[in-house]
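Chains as they are written, first to last, in the numbering used here: chain E, 418 to 833; chain H, 418 to 833; chain P, 418 to 833; chain A, 418 to 833.
Hints listed in this document are in silico derivations from the structure and should not be mistaken for laboratory results.
Everything hinted at is true.
Which copy? The list can't say, so a pair holds if one copy fits it or any two copies do.
Only pairs whose alpha carbons sit at most 20 Å apart, straight line, appear in this in silico SDA-like list of lysine to any residue:
{"id": "1", "residue 1": "Lys766", "residue 2": "Ile703"}
{"id": "2", "residue 1": "Lys587", "residue 2": "Gly743"}
{"id": "3", "residue 1": "Lys566", "residue 2": "Asp811"}
{"id": "4", "residue 1": "Lys744", "residue 2": "Ala586"}
{"id": "5", "residue 1": "Lys603", "residue 2": "Thr593"}
{"id": "6", "residue 1": "Lys744", "residue 2": "Pro582"}
{"id": "7", "residue 1": "Lys708", "residue 2": "Glu741"}
{"id": "8", "residue 1": "Lys633", "residue 2": "Asp488"}
{"id": "9", "residue 1": "Lys428", "residue 2": "Ser520"}
{"id": "10", "residue 1": "Lys744", "residue 2": "Glu594"}
{"id": "11", "residue 1": "Lys633", "residue 2": "Pro582"}
{"id": "12", "residue 1": "Lys456", "residue 2": "Arg424"}
{"id": "13", "residue 1": "Lys433", "residue 2": "Gly489"}
{"id": "14", "residue 1": "Lys708", "residue 2": "Gly817"}
{"id": "15", "residue 1": "Lys766", "residue 2": "Val707"}
{"id": "16", "residue 1": "Lys566", "residue 2": "Met813"}
{"id": "17", "residue 1": "Lys744", "residue 2": "Leu606"}
{"id": "18", "residue 1": "Lys486", "residue 2": "Pro434"}
{"id": "19", "residue 1": "Lys666", "residue 2": "Ile623"}
{"id": "20", "residue 1": "Lys428", "residue 2": "Ala519"}
{"id": "21", "residue 1": "Lys818", "residue 2": "Ile703"}
{"id": "22", "residue 1": "Lys658", "residue 2": "Pro814"}
If you want the building blocks of each chain, they are given just below.
Number of protein chains: 4
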Amino acid sequence: MAIGPIRTAIKVDFEKPATAQAGFHNRWHPDIPFAAWAKPGEAFHVECFDWTGGQVKNDDSADDILDLKLDGVHVLSGPIGIEGAEPGDVLVVEIQDIQPFASQPWGYTGVLDKAAGPSLLDNHFPDALKAIWDFDGIFATSRHIPHVKFPGLIHPGILGTMPSPELLAKWTERETELYDHHVEIKSELMVARLPMEEGVYAGQSITPEAFAKVAKEGARTIPPREHGGNADIKNLSRGSKAYLPVFVKGAGLSVGDLHFSQGDGEISFCGAIEMAGVITFKCSIIKNGVKDFAMNTPMFLPGPVEAHYGPSRYLTFEGISVDEDGKQHFLDAHVAFKGACLQLIDYFKQFGYSGEQIYLLLSAAPVQAHIASIVDIPNSCTTIGIPADIFDFDIMPREGKIVPLDMGSCAYLSKK
Amino acid sequence: MAIGPIRTAIKVDFEKPATAQAGFHNRWHPDIPFAAWAKPGEAFHVECFDWTGGQVKNDDSADDILDLKLDGVHVLSGPIGIEGAEPGDVLVVEIQDIQPFASQPWGYTGVLDKAAGPSLLDNHFPDALKAIWDFDGIFATSRHIPHVKFPGLIHPGILGTMPSPELLAKWTERETELYDHHVEIKSELMVARLPMEEGVYAGQSITPEAFAKVAKEGARTIPPREHGGNADIKNLSRGSKAYLPVFVKGAGLSVGDLHFSQGDGEISFCGAIEMAGVITFKCSIIKNGVKDFAMNTPMFLPGPVEAHYGPSRYLTFEGISVDEDGKQHFLDAHVAFKGACLQLIDYFKQFGYSGEQIYLLLSAAPVQAHIASIVDIPNSCTTIGIPADIFDFDIMPREGKIVPLDMGSCAYLSKK
Amino acid sequence: MAIGPIRTAIKVDFEKPATAQAGFHNRWHPDIPFAAWAKPGEAFHVECFDWTGGQVKNDDSADDILDLKLDGVHVLSGPIGIEGAEPGDVLVVEIQDIQPFASQPWGYTGVLDKAAGPSLLDNHFPDALKAIWDFDGIFATSRHIPHVKFPGLIHPGILGTMPSPELLAKWTERETELYDHHVEIKSELMVARLPMEEGVYAGQSITPEAFAKVAKEGARTIPPREHGGNADIKNLSRGSKAYLPVFVKGAGLSVGDLHFSQGDGEISFCGAIEMAGVITFKCSIIKNGVKDFAMNTPMFLPGPVEAHYGPSRYLTFEGISVDEDGKQHFLDAHVAFKGACLQLIDYFKQFGYSGEQIYLLLSAAPVQAHIASIVDIPNSCTTIGIPADIFDFDIMPREGKIVPLDMGSCAYLSKK
Amino acid sequence: MAIGPIRTAIKVDFEKPATAQAGFHNRWHPDIPFAAWAKPGEAFHVECFDWTGGQVKNDDSADDILDLKLDGVHVLSGPIGIEGAEPGDVLVVEIQDIQPFASQPWGYTGVLDKAAGPSLLDNHFPDALKAIWDFDGIFATSRHIPHVKFPGLIHPGILGTMPSPELLAKWTERETELYDHHVEIKSELMVARLPMEEGVYAGQSITPEAFAKVAKEGARTIPPREHGGNADIKNLSRGSKAYLPVFVKGAGLSVGDLHFSQGDGEISFCGAIEMAGVITFKCSIIKNGVKDFAMNTPMFLPGPVEAHYGPSRYLTFEGISVDEDGKQHFLDAHVAFKGACLQLIDYFKQFGYSGEQIYLLLSAAPVQAHIASIVDIPNSCTTIGIPADIFDFDIMPREGKIVPLDMGSCAYLSKK
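All chains, please: the whole structure from these sequences, using the hints.
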């Protein structure tokens, strides 16, 4: 009756590119063939590349972040068919464990070049930046952001089921509408990434016809949507359960973009501590759950195991819906959150950090971003709290001049 | 050497209207005379009306919510001068305690009529609603929302210092600009409440000249701003420290809008459990702190004492930047938060609650609203988590039909 | 339908001795008349003296601790009859709130003279000691133990139901047997306090016959027993539920010995922060619960609201079953706990505290005492953890000499 | 600058007995040669057998527990020399990670036969028992104790440094004295395990002379002592730091007896969920720390990451110093703890469990055992709290008959 070691449904081979291996894809589309199957109640491992498929190196330059090829991201592991799952069911995905590879005990936080797409503070930090994090047991430390150490709350940035053709069409339609509107008003903002044939990968067993369809129609993996996707929820860690709606027979579960740790908001787009690793799933099915739970977007239960800091150890900053130019916005939580982050950055610069270091840190460390109020016209209030206990010096506001420490430097572009 | 009972700096007399008593005001303006003074290090009580000055009754009709007179809100206690505080200093306000009055062991959550101003889901719930909460020791229960019980995390919705004339002018300018823009585009949205002479109250000792000035220029108390104000931060409870910038000599601390409990977002505008009560302060001053901490908006440290639910007891819902009509917005956390709330409401209706009851509950109960990701174009992901342990039945998603309970009703308009 | 202010079932008058007032008693006996009645589901306040009935002063001498008259302790409020409770039922006591009196915002920790009875470290600290604590909002601070501040987890040291005659007889028999054995072996230890006529108080309405019986037979209130009693459980605070067996009709609930805070073990006998105050109860009855739950001793559920420190903020010390003289005991958790406390005291002396100060602090602060192992012959391992965040200096073990602070002094006997 | 995969200082080969491999030992003695060395600041893995060296099988009979050979336990990995450590220093051992072997995703809880040595309730459960636990990701479940699931707080039961000859002599002297006393009084209790030549193993590189000395003098590994040892502290998990006194040059760190989870007290002697696995250390040295910290026994800091249950989710039972026969003991925490455990067991039998199942469960699940009071003569009060959230049914005491579930059976002796 003993349970043996559990099988690995999808394996990574770091010697070959992801696009030369079975078990990976980088678009959402119902015609991508399932790479593996699992039974309800069966535990299985899924190995994952980091989101870029290995484009970032453990070095002291941000050049690789600048040079990132984004047409082929995110590299996802899957799709995995779950036996018995049918449209209208809810797939319950228990995350039994997540670990980095022992052979790659490190990850990175990046800030992309502004031209590559928006990050929260791209007007303030337009150039590519990088910090490397070493996995020191359950903790992360960084030679690029010294005097900080915190345990990882490891989670997948992306977890989702395959859309039905109808849902996929709805996604494309609404995102195209937004995109077209911005083209029309001559906005320079990158507001959405629409289906695009460059860089598409849909596994090894796809037919040319299906591939052509996926390439043309496949939804990009950047945003979270009704099926899950790139939700970047930092608490979806070991022991969590995600409840995902099922849109196709077998569900088609895919996963990727693993994070060793992430702050709420993942504020620099390549935020979090990005890593390759192994995730262990056990799935079950709630028949007709979508209707019974009136489900439109996923639900989840975080796991019971987290790092705990006392509530009074979170130094917390406020932001309101007034932007850096003093302009008043209407209940804009995005602007308010930006303001809270900028306030925090200014505060921490007094200790000797560069703004770039704190921007990277906020993306990676277990900071809590709350919507405090969203009805007090014209200002929303959002807060961002950072745990004092992740620093090895005293960050509390006190009487008397702060003596800055030597904080070294994060990784910049080599040509700067 | 014994410390005696502490003094009450501002007292409430429920037999008279707030506007006939010293110690209260309802605008932010540097010319409002200080109602009391306190020394750094001295503990003192401040009594507070509820935000409306007593307009809401403990009954089963929402008529009083419909009839709320808003020109005279919020009724604040203050301003209190803190000896030695000067512009550029940081005022450290320790909240030593907050209690409801023993004679008024109840509070209320309201949804305003849509015409009175925006609440998060006013398109869904346009009419006035109300729920009364009884303070059952440290817990709140409601005859209008049965099967729920939770401890209060009592806090002031409003805590702020008096603005300087320059800061006041900046507020009015930027809010007027927003207001004018909306008038120009013929928006029907109430986007900001500008200074207005009706209903102004500035204490008993003000000169007619000063009063005229306050009436004309005084900033409304609705939004949070750089001085604190109506931030509605649910964790600013017993044992917390707020760090507020000082803009005028003596700081001019005012407080009001006490909440027995509030959910993140305070999503219905008269959300939270509104109450009258007593707050106990102890203040200190950090000289030149505004510059030394690069402070633009307040900072705070929550208190160490909170209700704790295991992380895996928060059933959590996701929202993305797609609105109820299926329209795609760009990284809009407000839209995403709305989606998460609607999803939660739909789920809980399966248990027999009305949408109105859950809307009121979300405003009042200790729900956690997080910004999960704000860079994954075009969707933000926000989450809202509700603790299972505040219900006396099992709320977890499970296989099998849910059997709805008899959930009674919240308070509606009598004419409906 | 509004709920009004709640009634006070038992009132304290500080102008008169407890023994001249209705509502108090200091022995456990079924013939003590009930001082008040309450209905199931009804909230009511009960006012309490401190355990000594006011013998200790807010001053800087331990003389009053030395002079404590112990024959009349503990001063309990009650007994309160709960309508409908019958032997065999379980009385569910919800502690809705506990507060100190606003007029007495202080408490004390004492170490009794060794002759008055055992405290954990009486061989090390044989003389009477005292520390006064000021209630600084939700926090306690002490002029006698500086650099420490922590929120109170207020609780009743004593909460119990009245014993039946049979249970009372069983108590007396088994405690007398222990007492007699120690007399026989000429032990000098005070091992039990048997019924004693001096100092007995049983309320104002008792008949002379009943009084004589109570005086002769009434169980002393020192130990915890099957009915609850002096359990000194530090987590039985606001929002807790105690499940007490009922032995007499009406249950006969009594309460006293309120503590603003206590460390696990209450290691100095007059440990904890002793105070007078008001407790608010709401009771319900589970019929036949004693049998259905196979209940022999009370059960309880702590409240949801506590101070939370991160687990890694507890500096923890170990003790084993080897005493100060190096003698090996067999799996003795008492000896092991003593060792852990002594180890902690020695450590903190390096920071400038006296052993007396830390002994008092351990009795009062929220320290956690765990039984780690109790089967590893011949040693038990017990641990005591103290939260770093209650100190305003860094207590962590680090490389480099500790620089002691000026720690002043606790209160000693004046004649010393 | 990249950090590579970390080395494994001691390896387990499951194909051979521990006693045929380098890197293991089962006595404490300064003459056992170091099996490996590590530098301060260097991370390294240490592989460990389960405490018995593999004597227990994943099956449904307790026969292997009955047949356990105890002369060769505990199988420890080590000793490991830490460069630069000298007597009087404090060795800071950071536990970076602990994992079961992927190839052995299971552990066991056993109750030894009473003749093999005391367990807390051996009078109630004298025969050998066993439960197998499967590691379901971060959770443990058992076919022998259904309806229970909880995350592991993995920790080493044993972690210690090598004693000096003087310390070793002191141990033997005091334990022999206890032993001899019990022989003298003709006690049948197994009170201590003295040095014994049978079963001794001291690694592969020891000289015959040294081996003879170790065999004769080596301290058994059963109890915790001043160097650490078998402390069985359930919170010494990932991210913890242990501060151990150094008695010999190089410290001589050894580790073993890994537990996937343990309840406070480890009440059945082979309690906890025993497992083989890999622990990752990083050590540093505080010079002269023993004197500077006045250290007599180890200190530690738990890690920041634990399962968290709300405080009000711990159903808690009390015990007093009265034994099962009604006999009164004097402030005996051991007796009180036993009473609390028996009370809990009786309560849970109502749900359909056998007493044996709960006895095993209490040893393995994250139960909290506190010393509530230890000065209230003649009774100590100890409490044991069990988290409701580890059960998949409602364990709370409520009105109405409990309907027992089918709870299957734990593993018994086959001949029963």
